[in-house]
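Novice: Can you build the whole structure from these sequences, using the hints too?
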Amino acid sequence: MTQNRNLLWLVPPGFMIALFLIGVSYLVVESLRQGSGFGLENFSAFFQRADYVRVLYRTIWISCVVTVCCAILGYPLAFAISRYRGNRNFLMMLVIMPWLVSIVVRTYGWVVILGPRGSLNSILLHLGLIERPLRMIFNQTGVVIGLVHVFIPFFIISVLTVLLYRDATLEEASQTLGAGPVRTFWNVTAPLSLPGVLTGMILVYLLSSGAIVTPLLLGGVRDGMLSTQIYQDVLQVFDYPKAASMAMILLLVSFVVIIPFQILERHVATRVSGRGHG
Amino acid sequence: MMRYMALAVVVVLFALLPLPIVIVAISSLTQTGYFTVPLPDFSLHWYAEFFTSAIWIRLLFVSAGIAILVALVSTCLAMMAAMVIHRYRFTGSSAFEALIMLPLVFPNAALGVAFLGLLSLLGVSGSYLGIGLAHCLITLPFAYRPILNSLRKLDPALIEAGQSLGATPAHVLRTVTLPIIRPGLITAFIFCFIVSFDEATVTIFLIGPQATTLPIRILTEIQESASPVIAAISTFLVVITLAIILVLERTVGLELFAEPEKQN
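Chains as they are written, first to last, in this note's numbering: chain R, 15 to 292; chain F, 21 to 284.
Everything labelled a hint here was simulated from the structure, so no lab data went into it. Just so we're clear, the structure is a prediction, and the values are computed from it rather than from any experiment. It cannot be assumed that every hint is accurate.
[Stated by the list, open to error] Some but not every residue of chain R turned toward chain F, in silico, with C-beta under 10 Å:
{"id": "1", "residue": "L35"}
{"id": "2", "residue": "L41"}
{"id": "3", "residue": "C78"}
{"id": "4", "residue": "N135"}
{"id": "5", "residue": "A225"}
{"id": "6", "residue": "L230"}
{"id": "7", "residue": "V248"}
{"id": "8", "residue": "I272"}
No residue lacks a Cβ here, since even glycine has one placed at the ideal position from N, Cα and C.
Specialist: As structure tokens, this is what we get:
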């Protein structure tokens, strides 16, 4: 009896979940609306426009590049933090701090550094290395730099979560059995941290494909991503079914890439922990 | 040799993490508002402009107000959900948990469009009420995780002891459970506050002529005029964030940020 009464506490959070589900269902339904009926017309209209298809490809491409860059640059950082013997909190702060500062502020930082009148250009000009300012933002390079910086903390934290709580005795065992540090890393540490790497990559891909502030501020007019395209279309003409269908495409694109990753992650996690998820 | 090179790379990468923020902070203290070589003269001009601007100050309070309310609501809702789910494993409890975390797996722009539709269905589009509601939906998973993590550290024997000594459930909650999960609650509250206060990717779809937030206003200002006053505002926000994190670190530590997900 008391249990049933206590379950009533789930009603308020359940109400929020219901609101969320209503929002998502409305998105799905509206994306299928055409005139007074329903159909796939919004979707076929999207794929018939060459410029939209290019934006779609660009979104996938940029998100993949950002994900790979975050993995390559982020792993050494996570590894260094996990091995650091001194005050780890300082390094953690370096990671968490930018994560918690607004995306708008961090992106503005890159505008100041890389912009045509920015710090890097002024330093290079001053040293006489270049004669006129380099164009480093308002193109895809700018978007990739910005997104990698904005999302790398998520990757580092994911890997760190695995590295910090791993079983250190396994590495000791490997070393005792005569493996050097390099072999121990490749045979023990790297496979053990793989679930964290995959989780981090999924997160970064998801965040990059849905990002809007960074591509809006660092991307050029011709280098839009799907999210900025949706935003601009919504601003110009308020056509909700069209926006909804584009959001659905964005959703499907991220899920198509992520689901195989997630299956892989399950598989790896099961093998690494030596048991299945119960 | 290899060792030192690897070390150098890692040090450079660590230095790059705070670099944009540091550059903005230095820029905000110059006359031109740009960190250039040779360094322009020192000036507090942009701070003066920020603090005397009625528009910016109003938006600062609006965003902080929304964030405090959102953090309160989300923390309370997450606490209800976490306590029930932690205590009773019922049919569908893991599905309920998955539904709470669901907003995290949606690309932000898609969430923005979904909330745009939801708010117009509810008749609160383009209002602060609508923005606050959307922020609650986004922050709920951020509040849930740390509270659940702290509940897992709670020894059930303590609650049983309280109850067997004759305390009412409400009394046990107040004197045993709440003090123990306090770090989780504080982390959840601060996390939600920061997420809501900084949110721009979803909010950009939800603003109206009557309702905008500080991050969105900064965003449009960068696009339209790129006035260096943005550097001053940004630095101010960074200092506030830094202060909040320091308080969090001193009071409950930062471990609840990177807690392993226990598999059960």
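Novice: Under the constraints set out in the numbered hints, which ones does this structure not fulfil?
Specialist: 3
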